[in-house]
Structure formats: C-alpha cells, structure tokens
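Going down the list, the protein sequences come from chains A and B. If you're matching positions, the first sequence starts at 1 in this note's numbering and goes up one per residue. If you're matching positions, the second sequence starts at 1001 in this note's numbering and goes up one per residue.
Keep in mind that a hint or two might mislead.
Dumping the calculated DSS-like pairs for lysine-lysine here, alpha-carbon to alpha-carbon at most 25 Å [claimed, not checked]:
1) B:1166 / B:1069
2) B:1126 / A:188
3) B:1023 / B:1069
4) B:1069 / A:188
5) B:1110 / A:188
6) B:1023 / B:1072
7) A:188 / A:7
8) B:1076 / B:1166
9) B:1126 / B:1166
10) B:1076 / B:1126
11) A:188 / B:1122
12) B:1072 / B:1010
Computed, partial: chain A to chain B, Cβ under 8 Å [unchecked claim]:
13) 197
14) 202
15) 205
16) 208
Simulated from the structure, these hints should not be mistaken for laboratory data. Keep in mind the model is a prediction, meaning the values are calculated, not measured. Every residue, glycine too, gets a C-beta built ideally from N, C-alpha and C.
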Amino acid sequence: MALSAAKPLIRRHTEIGIFLIGAILIVIFASTSDGRWANLYNIGTIMQVTATLGLMSLGVAIVIGTGEIDISVGSTFGMGALAHLWLAARVDPVFAALAAIVVGAAIGYVNGWLVTRTRTPSLIITLGTLMIFRGIAIALTDGFSFSIPYAARNGWTYFLLGGGDVFGFNTALFWLIAAFAVLLVVLKAMPFGNRLLAVGGSADSAHSRGVRVDRIKLSAFVICGILAAFAGALEAGKLGFADGSMGRLMELQAIASCVLGGCLLAGGRISLIGALMGAFVLSSIQSYLVVTGVQPQWFILILGLIVVGAAYGDKSLRNWAIRK
Amino acid sequence: MTQQPLIQVKNLDLYFGAFHALKNVSVDFNAGELIGLVGDNGAGKTTLIRVLCGIHAPTKGEVFFDGRKVEKFHPKLAIDQGIETIQQSVGLCDNLSIARNFYLGREPVKRILGIPFLDFAKMREKSSRVIRQFGLRENVSADDEVERLSGGERQSVKIGRAVEFKNRVVIMDEPTNHLSVREREHVNELAVQLKEQGLLVIYITHDIFQVHKLADRVVIMENGEKVADASTDSMSAEALEDVIRQGGRVVEKQEAV
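One chain only, chain A, in its complex shape (with noise of 0.2 Å):
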C-alpha cells in the first residue's frame, strides 16, 4: 500500500504529525471563516504571535532535549518584556533589548543551577520560579506604568526590535527564523548540540563519556531564558506598554508546541521545527476563534479541546507508523 510507504518517513521524524495537523487546520480555518482568517493582514498577526511563542518554544525544546522541562518561560517572557519597557524609554532600544537578555540569562541561570544543585525536578523549580518572576513583575507593575511614549516609538532599532513591519511581517518574525537557524546548527552539526542530546538520552551513558552534564543543563536553561526574554522585549516593542500579566500562560502554550510538535517530553528527541508549527498552529487556532467572533469565555476551553484532538491524532498517526 502506498500509504505505509510513509511509514518509516514518520517513525523518524516526529514532526511530521504537526505539520499534518496544521495542513489539516488550515484548509478548515480558511473555508470557513468567509475570508477574515486567510487574509494577509491576519496572517500577518499570526506570524507576529508565532515569532514570540515560538521563540519561546525553541528555549523550551533546547530544555526539554535535556531532559528537563522550563516552565517559568511566561514569567521570564514578562519580566524581559518589563525590562526592555524601562530601559527602551531611557536608551537605544538595543541596550533595552540586550538587558532583556541578560534578565532572561539570568532567570535562566538561577533555574539551572536550582536545578543541577538541588537535584530537585525541574518541573517543581520551575514552577516555583514561575510564581516568583510572576509575582516580582506584578510588584514592579504596581503603581509604576511601564510604557514607552508614542513619540520615542521611532528609530530603526525600536523597528527592527518588533516595532516595525518588513514585507508585512513584524519584525520579531524576522528573529525567529535567525534564532531556529542558529539552534539548528548548534543542535545538529556541533559537539555541544551531540552532548546535548546525548544527556536527555541518557544522563548516566552521557556523564560516563566525560560530559559535563550539569554544565548543559545548566546551558540549556540560560539559552532557554534568554530566548523567552528576548520574545518578551519583542512583544513590548510591538505593544509599547506592559503590565505584570505579560506572558501569562503563554507557558502552557510552549510546552503544548513542543510536546505537538513531536519533542519527547522524556528527553533526548526534539524537533525545533516541529516546535515552530506547534506554536504557528496554536496562534492560528486563537486567531480563528477571535476573527470568527467566539466568546472569550469559549475561547480557552475550545483551544484545549483542539490541543486534546491534535495531542491524541499525533499519537494515533506514530502508533500506526510503529506498527508493521
């Protein structure tokens, strides 16, 4: 049969489940929504949400090829979108930018470290780091507005730092595709993309070949932070204004992409790719339901319902390429 030619194609790539699901969602989302949703300016606002969770994904695709899992990225993504606002109003956006990095870094660090030291699982230190970062950033929102004036929203730096369109693509669009190339190289043609992986396959195969495995995990979680922050400083350069629930939630998405898009949450098997279509089909999913007028209150329960679907259709398709 023709169709299990396909077989071994998505025995080994995990992504092809996503992209599937994504072809799938496109067609129905553009037949029936009369237009509004294949329209080139929604596909833009699309594109611009995919670029930040989608750079978000990528960091927490580096965490989870680890091993681990970074689920403080949406309190990281506010806390960079804060410190960019405070500074980009001060100084070259560039510099605010550079410090929502090394905000980003610096969460990232605390996590790796909490992490490798304690030897406790990510999943409750990032848990707690989420609340943490949370709660700084509503504080630092309290009584103090973190927005940046319509007239210093000028200058090619704050265009090229997510506040401006090239070719009808904000910016940050621009970023994401840079960011997955250089991932892509480092994961797949290095020797720490090689001990990366190696230590999400088997930490104790991986420590006994001479790898630093807490050195790269702790790595993972820098560049994971990092990645979340610099989404955040994009998105306040799109918006222009922040408050202290900037990037709430946005976690649960991440993790949804990647998980979607084929990485194995056990560690070891991760698909930059496959995490970027989990993020473009989960802001193509919201973008329907708001063009198509859903109430809010329907609007999360239905996107879970579709992630539930998807999760369960991705499963089915590798349970069937697994058999013979």
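Following the hints, complete the assembly by docking chain B onto the known chain A.
Only chain B this time, still in chain A's reference frame:
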C-alpha cells in the same frame, strides 16, 4: 615488580547512603598487565571500577594514577588521562547515531571562523570502520541510531571506542556478555593484544575459567572486600573458584595457618 603501579588503590571505602559498597580495598594495577576482576553479583567489582573511571568518588581512601594522587573524580578527567571503560549498563545513548555515540564527549571538529563544527565525514568513516571489526553488520550504517542495534552490536560500539582512542588503561566490565562465540574470542584476543601493547587491561567477569586463561593476575571480590589477589601462575582456576564459592573464607584460613 619494582616499577611503580600505574593505578594504586589504597584503603578505599565507599558508602551509598548507609550501604557499605567497598570495604577497605587496596589493589595495585600495573601497566602491561591483564587483570581479571572476579566476584559474584554485588561483590563490588563494578563499583570499584566506577571509582577508577571517575563515576563514583570514594568516601575514604586514596587512588593514585601514575604515582599522582587523584584529587577529583569525574569521567572526563579519567578519559583525558587515558582510562577508557567499557561499561556494562551505561555508555550508549539510544537516541543518538552510532557515529555520534562513538565520539560522544570527544567529537572531532572542523573549525570555521573558530567555531567548532562536527566533522561528520570523519565521524562516520572512522567509527564504522573500527566497529565493523567487532561484528557490526554491513547493512547497519554509522548514521543509524544505537536503539536499533542488537546486544552484541551495542557491545561492539563500546569496544571499538575503547580501541580507537590512544589509551593507557582499558577497563572491560563483562565485555563478552551478549556476544556470539566468535565475537567473544575476538574480544578476548583483543584484550591480550592491548596488554601486549603495554596497556593495563582490567577484565571483569563472573567466569573465572575464562579469565584465568587470559589474565596474568586475578583479583577476587566478595561483599565489597578484596578476598584474593593472586597471579594465575600461582593459583589454578579451580583453587580460585573455591575461593569464590567459599566467599573468601578459604583464603582467610590459609593466611591464618
């Protein structure tokens, strides 16, 4: 022997929590020697070599390598010093290809603008050439994931890796498990060859008769203690087997006499 031992273990104690895994173990290992490390399950053989290859740090006692006291225990340091270990249960990452496993931790790189990129051509070519000698099927490529391999082929990757890099010590933990008769012979020949090249070979096994034929000296462990340490010239395999069967008591009696 007048030369200084390559590895000297002195009064080593190791606890895992409350469990006393190694009890006051002292052994000398010399370069150019093939040493059989024998004992039942849980005797402490694997724990001892895991100290030598840097996976566990001892609770008490000292290890000297080449006359210098080992201060820090980490597999990276051991590997850098030329101690290569064929572990029984760890050493391979199922999710990575043969070539990536082969070079894990010491990947060959080509630098472009100072940035290290994996040298895929070298990784593929060398790893498959070396491992083929140890029973890797022709239709398995160096790009295939280790997960697909049979027990013997997995072992062949580990052995190939131990042979490929220029080492001073090769530790083999039950190297012939899962191997066919011919592969087993090949591994045993190899152990002797490595020894003849001047390396220290530590060969761990349950099978005293097999290792007696190969080894210059046999060290027997029982319940975390060293209970015998004899050259194969001075003690027959049967006598050594008795020691194992008696849990070391024979030797104590002999010493007492």
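Right, here's what the structure says about each hint:
A distance of roughly 22 Å separates the Cα atoms of residue 1166 of chain B and residue 1069 of chain B; the hinted pair therefore holds under the 25 Å criterion. With a C-alpha separation of about 19 Å, the suggested pair residue 1126 of chain B and residue 188 of chain A falls inside the 25 Å cut-off, and the hint holds. Straight-line distance between C-alpha atoms of residue 1023 of chain B and residue 1069 of chain B comes to about 20 Å, which keeps the hinted pair within the 25 Å bound. Between residue 1069 of chain B and residue 188 of chain A, the direct Cα distance comes to roughly 39 Å. Violation of the 25 Å bound is thereby established for this hinted pair.
With a C-alpha separation of about 14 Å, the suggested pairing of residue 1110 of chain B with residue 188 of chain A holds against the 25 Å cut-off. Between the alpha carbons of residue 1023 of chain B and residue 1072 of chain B the distance comes to roughly 20 Å, so the proposed pair stays at or under 25 Å and holds. Taken as a hint, the residue 188 of chain A and residue 7 of chain A pair is honoured in the structure, with Cα atoms around 23 Å apart against an allowance of 25 Å. At most 25 Å may separate the alpha-carbon atoms for a hinted pair to count; residue 1076 of chain B and residue 1166 of chain B meet this at roughly 15 Å.
For the hint linking residue 1126 of chain B to residue 1166 of chain B, the alpha-carbon distance of about 14 Å falls within 25 Å, and the restraint holds. A distance of roughly 22 Å separates the Cα atoms of residue 1076 of chain B and residue 1126 of chain B; the hinted pair therefore holds under the 25 Å criterion. At roughly 16 Å between alpha-carbon atoms, residue 188 of chain A and residue 1122 of chain B fall within 25 Å of each other, so this suggested pair holds. The suggested pairing of residue 1072 of chain B with residue 1010 of chain B holds, with an alpha-carbon distance near 16 Å, which does not exceed 25 Å.
Nearest Cβ of chain B to the Cβ of residue 197 of chain A: about 6 Å, under the 8 Å cut. The hint holds. Hint on residue 202 of chain A holds. Least Cβ distance to chain B is approximately 5 Å, under the 8 Å limit. For residue 205 of chain A, the interface hint holds, since its Cβ comes within 8 Å of a Cβ in chain B; the closest pair sits about 5 Å apart. Given hint, residue 208 of chain A at the interface with chain B, holds; its Cβ is 5 Å from that chain's nearest Cβ, closer than 8 Å.
The structure fails hint 4 only (numbered hints given earlier).
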